[in-house]
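Trainee: Residues per chain, in single letters:
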Amino acid sequence: VHAAPSPAELEEERLLCERAQRGDREALGALLRKHGPRLYRAALLPRLGSAAAAEEALSTVYLRVVEKIDKFTWQDVGFYPWLRMVALRIALDQLRSKKREVLFDVSDIEREIDASEREARDAAALEVHDLALARGRVTELLTRINPRYALAVRLRVLEERPREEAALELGVSVATFDVVLHRAMAALKKALALAAEEP
Amino acid sequence: MTVSAQDQEELLPEELERELELSLRAAWSPGAIDPARHEALLELALEDPLAPASAEELVESDRLRRALEGDGNHPHLGLARALAAASRPALPERALPVPEVPPAPARGRVVYVAFGAASAVFAAAAAVALLVGGLRRSEPQAASAPALIAPAALATSRSSSALFQEPFTLEGTTARIDRITSARERELRQNRYLAWGVR
Chain H
20 VHAAPSPAEL
30 EEERLLCERA
40 QRGDREALGA
50 LLRKHGPRLY
60 RAALLPRLGS
70 AAAAEEALST
80 VYLRVVEKID
90 KFTWQDVGFY
100 PWLRMVALRI
110 ALDQLRSKKR
120 EVLFDVSDIE
130 REIDASEREA
140 RDAAALEVHD
150 LALARGRVTE
160 LLTRINPRYA
170 LAVRLRVLEE
180 RPREEAALEL
190 GVSVATFDVV
200 LHRAMAALKK
210 ALALAAEEP
Chain X
4 MTVSAQDQEE
14 LLPEELEREL
24 ELSLRAAWSP
34 GAIDPARHEA
44 LLELALEDPL
54 APASAEELVE
64 SDRLRRALEG
74 DGNHPHLGLA
84 RALAAASRPA
94 LPERALPVPE
104 VPPAPARGRV
114 VYVAFGAASA
124 VFAAAAAVAL
134 LVGGLRRSEP
144 QAASAPALIA
154 PAALATSRSS
164 SALFQEPFTL
174 EGTTARIDRI
184 TSARERELRQ
194 NRYLAWGVR
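Protein chains in written order, with the working numbering: chain H, 20 to 218; chain X, 4 to 202.
Excised from the complex, chain H in its bound form:
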């Protein structure tokens, strides 16, 4: 659900930004407290793939914001789009420097940064966009593997259902389900590698 910020909310945020740019750390804290959790959940965690990596990135984002807040220029969509752009650049650096198994690669984030520079969207709209993008990525990847594998992944990994229940749904024994899931993950890894090679 996308609820655009009211003019009063935007005005309040603008004033906070002004104070923060004058060196008021309390105001900056209020801005980050408001938007940080959303940034973590919608922009960083899905792209970086683990809580540890997302927290590390968020910490770097905050330090960068403290350092660069004077460069921020107010837009009528609020503070979040700028904050998200800082976060995307940091996520990009992190993906470049670390070899982890993640669903997004460097080019995905570069595309996202380009798109963000072209269009101005408010925080709620960006949150919806980021979450949908991540889910869409998973769904798209699952279409690239055997449907039985996709179902195994969906049941056990995405929905976190017990093995017994997932096995029942697949119509196999629990031991067989374990093997199917194991193979499904290998197939998914291959699909991910193939997707990365596509233009």
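The hints are simulated quantities; they were obtained by calculation from the structure and are not laboratory data.
Just so you know, not all the hints are guaranteed correct.
What the hints assert, rightly or not - Just so you have them, the derived chain X footprint on chain H, three or more residues with Cβ under 8 Å:
| no. | segment |
| --- | --- |
| 1 | 28 to 38 |
| 2 | 49 to 62 |
| 3 | 73 to 79 |
| 4 | 82 to 93 |
| 5 | 110 to 121 |
| 6 | 171 to 179 |
What the hints assert, rightly or not - Selected chain H positions facing chain X (Cβ under 10 Å, derived; list incomplete):
| no. | residue |
| --- | --- |
| 7 | Pro65 |
| 8 | Arg66 |
| 9 | Ala70 |
| 10 | Arg137 |
| 11 | Arg140 |
| 12 | Leu152 |
| 13 | Ala153 |
| 14 | Arg156 |
| 15 | Val157 |
| 16 | His201 |
| 17 | Leu207 |
| 18 | Leu211 |
Unchecked claim - Residues on chain X that point at chain H, a partial pick, calculated with CB under 7 Å:
| no. | residue |
| --- | --- |
| 19 | Leu14 |
| 20 | Leu15 |
| 21 | Leu19 |
| 22 | Glu24 |
| 23 | Ala29 |
| 24 | Trp31 |
| 25 | Pro33 |
| 26 | Ala35 |
| 27 | Ile36 |
| 28 | Leu49 |
| 29 | His77 |
Think of the CB as a built atom: it goes at the ideal place given N, C-alpha and C, for glycine as much as any other residue.
Starting from the known structure of chain H, arrange chain X on it as the hints suggest.
Mentor: Chain X only, in chain H's frame:
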């Protein structure tokens, strides 16, 4: 169902499989950041090391300074010692001052050098003093074992420019002083060992 050798080769290593599972979950249903963890990240970023000190901070910082110089105690002293021991396990006496040990007969006086600019000057001065005074004190030993003390091998007081290849900048002052101190201390020890005839 059993896994064939060919399939086995294609399966993912456990760690990789786990990473992929985490990435899928993070993209599909990203969790929220722990509020306490978020506050800790915020605090880290927003803390201003150069903010004006309170009266209590002034008192405590002075206590800590004195404790680090070997005068009195402070709750942070244990942590400082642990850090020093962890970073320089081979030279624990260098990082923090240790109470002076009474001089051993005919062995000269052990001087422990603390860190900081004063230490660098002191170390250089001590090297000169040892060269002149230390040799005089150990004359009896020198006479009995002249081959062990080779004056030509002793380090002498001189410019520290040879320690630096790079041009000086305003940053990194402490690191430069540390480097000088470290080099001079090493020479001081070598001089002592030579003067004592233990090397």
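Trainee: All hints, please: hold or fail.
Mentor: We went through each hint and held it up to the structure:
no., hint, result
1, 28 to 38, "violated (count 0)"
2, 49 to 62, "holds (count 7)"
3, 73 to 79, "holds (count 4)"
4, 82 to 93, "holds (count 3)"
5, 110 to 121, "holds (count 3)"
6, 171 to 179, "holds (count 4)"
7, Pro65, "holds (4 Å)"
8, Arg66, "holds (8 Å)"
9, Ala70, "holds (7 Å)"
10, Arg137, "violated (24 Å)"
11, Arg140, "violated (19 Å)"
12, Leu152, "holds (9 Å)"
13, Ala153, "holds (4 Å)"
14, Arg156, "holds (6 Å)"
15, Val157, "holds (5 Å)"
16, His201, "holds (6 Å)"
17, Leu207, "holds (6 Å)"
18, Leu211, "holds (8 Å)"
19, Leu14, "holds (5 Å)"
20, Leu15, "holds (5 Å)"
21, Leu19, "holds (6 Å)"
22, Glu24, "holds (5 Å)"
23, Ala29, "holds (5 Å)"
24, Trp31, "holds (5 Å)"
25, Pro33, "holds (4 Å)"
26, Ala35, "holds (6 Å)"
27, Ile36, "holds (4 Å)"
28, Leu49, "holds (5 Å)"
29, His77, "violated (28 Å)"
Violation of the numbered hints given earlier is confined to hints 1, 10, 11, 29; the remaining hints are satisfied by the structure.
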